[in-house]
Amino acid sequence: MRKKMMAMILAGVLAGFSVMPVSATETDNVEQAADADGENAADEGNADGENADVTADEENADGENADAAVQEIVIPKGNLVDVDVIDLSLHAETTGDRTPVYAYENPFRGQDTSKGAVIEFYADPTWDVHVLGTIFAINGSGEYDGKLYFTPGSYLGFNSAGFGGFFDANLFNYNIVTDYIKDGAQIRIELLPDGFAVYADDALCYDQAILDDPEKADGDFTPESDFSGVLTWLSGAEALYFGYGSWWNTVSDTANIDLSKISFRLADGTVLMDRLQADKDLVESLGGSVETVEAAGQTGLQLADVDVAIFDINSVEYQGSSVLPLMTTVVVVVILGALAAVILACRPRTYE
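Each residue of the sequence shown is one higher than the one before, counting from 12 in this note's numbering.
The hints are simulated quantities; they were obtained by calculation from the structure and are not laboratory data. Values in this document were obtained by computation on a predicted structure and should not be read as measured data. Hints may be right or wrong, so weigh each one.
To be verified - Taking lysine-lysine pairs in the DSS-like style, the calculated list, with each CA pair at most 25 Å apart, reads:
id, residue 1, residue 2
1, K291, K193
2, K227, K272
3, K158, K227
4, K291, K272
5, K126, K158
6, K291, K126
All chains, full assembly: derive it from the sequences and hints.
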């Protein structure tokens, strides 16, 4: 019996040793398989990450391309103060190109301009007329690349390849056709879907019909053109400049204009901008002034409100005695004394 039990124990021990290598081998295989799967998963994850990075790079590239395509105009914002008049002849440079002094966001941007727009201002010349100078200019970039401007020579210009091309009105061989500003005028420019019109002191200067005369205008537009593209462009352009922004931003084309009484509004009368502002620090650094003054030659001196009482001499009561009797007595005494002196002087004298 004892031998039989010993034999069974020995057989069990031998069987156990035979199983252990197999289990160890299977465990190693499982671990290796797990490691392999993990490495594969990690590799796939890295590949996905790299793909994601590539996608992100592509998106960044697209974004950069989009930014490069738009390149919005940067409008400087300084210490802006309200003023009544701005001097468009101010500039920092003495030769070559110059930079804007008066720059703002286009008031028509984002507005419904489909029915029309009105731009109005008072222009007061201060020196020689530079026909290619700029009184105002609205500039766009990217999809809305282009310009709309009006010069001291009463020349209205528009140019945007994506919105109909260009027109130059009241300009011939880069010279003035007719100066409607003269010694100063309130200019009103109306932009409508079927054309435009320029007024000086409420009198019509010219409208789109001028585009039919090659000695007064030029461009892709005709009097029969659809001008609604100009209005669409106007609602997308970024910047508004005074004294800057046309094609000729050079010192020799400086606008010698004092500008005042502005109004940028929609055709229905909605006012979008009716106050002038200037960067106080910049203007003063250029030798200008931002003091509030009145337009059209007014001195700008404003008197304080003072209640003035008009002097009424009849309202004054006098008390006292008259000096007439005293003065009469004095006069009589003087006369009598004079007569006595005369009598004494004329009396005959006896000499011994």
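So, going through the hints one by one against the coordinates:
1. K291 x K193: Distance of about 29 Å is beyond 25 Å: violated.
2. K227 x K272: Status violated; Cα separation ~28 Å.
3. K158 x K227: Roughly 20 Å between the alpha carbons, so the hint for K158 and K227 holds.
4. K291 x K272: holds (19 Å)
5. K126 x K158: With a Cα-Cα distance of about 20 Å, the restraint between K126 and K158 holds, given a limit of 25 Å.
6. K291 x K126: Roughly 36 Å separates the two Cα atoms, so the pair is violated.
Consistency with the previously given hints fails for numbers 1, 2, 6, ordered from lowest to highest.
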